[in-house]
Amino acid sequence: MSLKFGVVVFPGSNCDHDAYYSLKKILGYDVEFLWHKDTDLKQCSVVLLPGGFSYGDYLRTGAIARFSPIMNSVISFANKGGIVIGICNGFQILLEAGLLPGVMVRNNSLKFSCKDVYLSVDNRDTIFTSEITKDFSSIKIPVAHGEGNYFADEKLLEELVLNKQILFRYSDADGNVNGENNPNGSQLNIAGIVNKNGNVMGMMPHPERACDPTLGRTDGQLIFKSIANYILN
Amino acid sequence: MFKATVLIKRRSSILDPQGVAVEKGAKHLGITNIKGTRIGKLIEFYVDVDDRAAAEKEVNEYCSKLLANPIMEDFEFELSEWIPTGEEVK
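Sequence order for the protein chains is A and B.
Position 103, counted from 1, in the first sequence is what the working numbering calls 103; the numbers after and before it change by one each time, with no gaps.
Position 32, counted from 1, in the second sequence is what the working numbering calls 265; the numbers after and before it change by one each time, with no gaps.
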């Protein structure tokens, strides 16, 4: 399979160009924008739902973007095993679309949280994390959200743990997960999860903002490199 | 035609940080006896059909598929008969 990322552009997306830039200019991958009103995924092997405020976050975050024409194609692509990654608002859209379980509520601080965070990597044996070796006790990636407080009932949380669906948790630099390093009140410090089949991933932190060495952080590259290696090998 | 009034409430098991913050505001104002503030949504619209059962069916679908997220919210609605005034389309 050839490697080609498709970055979906919704009205109100604002990290679409960051994602495009990091994938194309920094990592040298083939990338194309996918317009929300289209239904053609243009033979992309990976679909990326970027961050932003699609449809102004009206009603609930991601609630209206989920009904964009492109999302029908994304849902059937995902259901056939296609690789989908949702970042921040993209994660919220995946939750609303039912491609990932759980819901997102307002940060417990009620503040928009915009800072670098450390993430412990709970499952390194996935399409999205295989390049994050044990040498990394944590990865450093920024968050920027007002509604990243992940909520699931106890049954679902148990299931997520049991199936190793939790990929990233907010931690300190050494990978210790504790309440102090939780920027939004997420249950179990959850920052990113994958679906049961392992092909759809959502995360609140922004790996596309941690790719360009000029910006002083590059751990985000590991996630995109993991996906690329999976497809190319 | 019917006028629909939909009330969307967050389930009691789900934290409502907005409600907590607003209640703190009440305490700052010296309103001290308020407990358990929770914030929901009130949504109004018109349903352009003559049959009540058809209106209920459509409102139910609108609520369950879009207006409320069934994972964290419950909804209830009222339908009242409405004589069109021309205001409905604005």
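Hints listed in this document are in silico derivations from the structure and should not be mistaken for laboratory results.
Everything numeric in this text was worked out from a predicted model, so none of it was measured.
One or more hints might be untrue.
Listed below are the simulated BS3-like cross-link pairs for lysine-lysine, each with C-alpha atoms no more than 30 Å apart in a straight line [stated by the list, open to error]:
1) A:K155 <-> B:K242
2) B:K274 <-> A:K42
3) B:K274 <-> A:K37
4) B:K298 <-> A:K196
5) B:K268 <-> B:K257
6) A:K111 <-> B:K290
7) B:K242 <-> A:K80
8) A:K115 <-> B:K257
9) A:K111 <-> A:K80
10) A:K37 <-> B:K260
11) B:K236 <-> A:K111
12) A:K155 <-> B:K298
13) B:K274 <-> A:K155
14) A:K134 <-> A:K24
15) B:K298 <-> B:K257
16) B:K257 <-> A:K37
17) B:K268 <-> A:K37
18) B:K268 <-> A:K155
19) A:K111 <-> A:K134
20) A:K155 <-> A:K25
21) A:K111 <-> B:K257
22) A:K37 <-> B:K298
Just a few of them, taken from the derived set where beta-carbon distance is under 10 Å, the chain A residues facing chain B [unchecked claim]:
23) F53
24) E96
25) N108
26) S109
27) K115
28) D153
29) L157
All residues carry an ideal CB built from backbone N, CA and C; glycine is no exception.
We went through each hint and held it up to the structure:
As the CA atoms of K155 (chain A) and K242 (chain B) are separated by approximately 22 Å, the hinted pair is consistent with the 30 Å bound. Distance restraint check for K274 (chain B) and K42 (chain A): the Cα-Cα separation of roughly 39 Å exceeds the 30 Å cut-off, and the hinted pair is therefore not satisfied. Distance check on the hinted pair: K274 (chain B) and K37 (chain A) sit about 29 Å apart at the alpha-carbon level, within 30 Å; holds. A distance of roughly 23 Å separates the Cα atoms of K298 (chain B) and K196 (chain A); the hinted pair therefore holds under the 30 Å criterion.
In summary, the hint linking K268 (chain B) to K257 (chain B) is supported, as the alpha carbons are separated by about 10 Å, within the 30 Å threshold. Proximity of K111 (chain A) to K290 (chain B) is assessed by CA-CA distance (about 39 Å); at most 30 Å being required, the pair is judged violated. Of the supplied pair hints, the one linking K242 (chain B) and K80 (chain A) is violated, its CA atoms being roughly 35 Å apart against a limit of 30 Å. For the hint pairing K115 (chain A) with K257 (chain B), the CA-to-CA distance comes to about 26 Å; that is within 30 Å, so the pair holds.
A C-alpha spacing of about 38 Å is found between K111 (chain A) and K80 (chain A), which places the hinted pair above 30 Å, so the restraint is violated. Proposed proximity of K37 (chain A) and K260 (chain B) is contradicted: the alpha carbons are some 47 Å apart, above 30 Å. The suggested pairing of K236 (chain B) with K111 (chain A) is violated, with an alpha-carbon distance near 37 Å, which exceeds 30 Å. The suggested pairing of K155 (chain A) with K298 (chain B) holds, with an alpha-carbon distance near 23 Å, which does not exceed 30 Å.
Distance check on the hinted pair: K274 (chain B) and K155 (chain A) sit about 27 Å apart at the alpha-carbon level, within 30 Å; holds. Between K134 (chain A) and K24 (chain A) the CA atoms are separated by roughly 27 Å; this keeps the pair inside 30 Å, and the hint holds. Of the supplied pair hints, the one linking K298 (chain B) and K257 (chain B) is violated, its CA atoms being roughly 33 Å apart against a limit of 30 Å. Among the hinted pairs, K257 (chain B) with K37 (chain A) is inconsistent with the structure: their alpha-carbon atoms are about 43 Å apart, more than 30 Å.
Restraint check: the Cα-Cα separation between K268 (chain B) and K37 (chain A) comes to about 46 Å, which exceeds 30 Å; the hinted pair is violated. Pair hint K268 (chain B) plus K155 (chain A) holds up; C-alpha atoms about 29 Å apart against a cutoff of 30 Å. About 33 Å separates the Cα atoms of K111 (chain A) and K134 (chain A), which puts this hinted pair outside 30 Å; it is violated. At most 30 Å may separate the alpha-carbon atoms for a hinted pair to count; K155 (chain A) and K25 (chain A) exceed this at roughly 43 Å.
Distance restraint check for K111 (chain A) and K257 (chain B): the Cα-Cα separation of roughly 15 Å lies within the 30 Å cut-off, and the hinted pair is therefore satisfied. Distance restraint check for K37 (chain A) and K298 (chain B): the Cα-Cα separation of roughly 20 Å lies within the 30 Å cut-off, and the hinted pair is therefore satisfied. Taken as an interface hint, F53 (chain A) does not check out: its beta carbon lies about 18 Å from the nearest beta carbon of chain B, beyond 10 Å. Because the smallest distance between the Cβ of E96 (chain A) and any Cβ of chain B comes to about 7 Å, under 10 Å, the interface hint for this residue holds.
The beta carbon of N108 (chain A) comes within 5 Å of a beta carbon in chain B, closer than 10 Å, and the hint placing it at the interface holds. A distance limit of 10 Å between C-beta atoms decides the matter here; for S109 (chain A) the minimum to chain B is near 8 Å, and the interface restraint holds. Given hint, K115 (chain A) at the interface with chain B, is violated; its Cβ is 19 Å from that chain's nearest Cβ, farther than 10 Å. At about 7 Å, the closest approach between the beta carbon of D153 (chain A) and any beta carbon in chain B falls short of 10 Å, and the interface hint on this residue holds.
Given the 10 Å rule on beta carbons, the hint for L157 (chain A) is violated: about 13 Å separates it from the nearest Cβ of chain B.
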